[in-house]
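When you get a sec, could you build the whole thing from the sequences and use the hints?
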Amino acid sequence: GENVEQHPSTLSVQEGDSAVIKCTYSDSASNYFPWYKQELGKGPQLIIDIRSNVGEKKDQRIAVTLNKTAKHFSLHITETQPEDSAVYFCAASNSVSGGYQKVTFGTGTKLQVIP
Amino acid sequence: EPEVTQTPSHQVTQMGQEVILRCVPISNHLYFYWYRQILGQKVEFLVSFYNNEISEKSEIFDDQFSVERPDGSNFTLKIRSTKLEDSAMYFCAHQGTGHKRTEAFFGQGTRLTVV
Numbered sequence: 221g222e223n224v225e226q227h228p229s230t231l232s233v234q235e236g237d238s239a240v241i242k243c244t245y246s247d248s249a250s251n252y253f254p255w256y257k258q259e260l261g262k263g264p265q266l267i268i269d270i271r272s273n274v275g276e277k278k279d280q281r282i283a284v285t286l287n288k289t290a291k292h293f294s295l296h297i298t299e300t301q302p303e304d305s306a307v308y309f310c311a312a313s314n315s316v317s318g319g320y321q322k323v324t325f326g327t328g329t330k331l332q333v334i335p
Numbered sequence: 010e011p012e013v014t015q016t017p018s019h020q021v022t023q024m025g026q027e028v029i030l031r032c033v034p035i036s037n038h039l040y041f042y043w044y045r046q047i048l049g050q051k052v053e054f055l056v057s058f059y060n061n062e063i064s065e066k067s068e069i070f071d072d073q074f075s076v077e078r079p080d081g082s083n084f085t086l087k088i089r090s091t092k093l094e095d096s097a098m099y100f101c102a103h104q105g106t107g108h109k110r111t112e113a114f115f116g117q118g119t120r121l122t123v124v
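Which chain is which? The protein sequence lines are A and B, in order. Counted the way this note's numbering counts, the first sequence spans residues 221 to 335. Counted the way this note's numbering counts, the second sequence spans residues 10 to 124.
Calculated from the structure, these hints are not laboratory results. Note that the structure is a prediction, hence the values are computed from the model and not measured. Just to be clear, a hint being listed does not mean it is correct.
Said to hold, decoys possible - Listed next, the in silico DSS-like pairs over lysine-lysine satisfying Cα-Cα at most 25 Å (straight line):
(1) K87(B) / K262(A)
(2) K51(B) / K291(A)
(3) K291(A) / K262(A)
(4) K92(B) / K66(B)
(5) K257(A) / K330(A)
(6) K262(A) / K288(A)
(7) K291(A) / K330(A)
(8) K291(A) / K87(B)
(9) K242(A) / K51(B)
(10) K257(A) / K278(A)
(11) K51(B) / K66(B)
(12) K262(A) / K66(B)
(13) K92(B) / K262(A)
(14) K330(A) / K278(A)
(15) K288(A) / K92(B)
(16) K51(B) / K330(A)
(17) K51(B) / K257(A)
(18) K262(A) / K330(A)
Said to hold, decoys possible - Looking from chain A toward chain B, a few residues come up when the C-beta cut is under 7 Å (computed):
(19) K262
(20) G263
(21) P264
(22) L266
(23) Q321
(24) T327
(25) G328
Said to hold, decoys possible - Here are the in silico distance ranges between beta carbons for each label pair:
(26) L260(A) / I29(B): 21 to 27 Å
(27) E12(B) / H292(A): 50 to 56 Å
(28) D247(A) / E27(B): 31 to 37 Å
(29) L39(B) / T327(A): 26 to 32 Å
(30) K92(B) / S229(A): 26 to 32 Å
(31) D80(B) / G221(A): 31 to 37 Å
Ideal Cβ positions, reconstructed from N, Cα and C, are used throughout, including at glycine.
Structure, rendered in structure tokens:
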């Protein structure tokens, strides 16, 4: 089955700096890579995703990159703000169009943005 | 964005007791999932459910676990005889429809504490 590794496990940055979280996956059949933000006491919330036919995607201060050959993908947060502090999970899935999707999560990164 | 509602938010039970965790379905969603997150660890897949039957389950999902969605009502996870190691956050997830059909929306979770 799929195995997703995530680094670092904790990350502290000064407000306004950038944060980068990196993940690798093992199953070359995985074609959908969501990123989730989990705040204390809440469930994972999708913040951005990327599909295997795309190398990069950006949404305001958040961007994701995907290298299919190397089987790794990354989350970049620019101009970090205190409200970005949370646990971030990368994930991988072999998503059948319009159909079943089981998500395999990474181990999580606890991001702390210091004001 | 669709909301996935789970009840109860917190359940305390004695070891050996049965518990039922509930998830309120969103209309038109076809795929349902249960995930588990032991404190401080990553989110783990338990089971997926489609068309009133299990489509995939992990090795965690042993004979103590069962899921059902009778008559299109709540999607439930039952643990027949709880163990201490069942203590965790349990998240229900639904798969979206239309252009968001590959997104999995997570509920806020049920914190299960087995004593």
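Tell me, in ascending order, the numbers of any earlier hints that this structure violates.
The structure conflicts with hints 3, 6, 8, 15 and 27, although it agrees with all the remaining ones.
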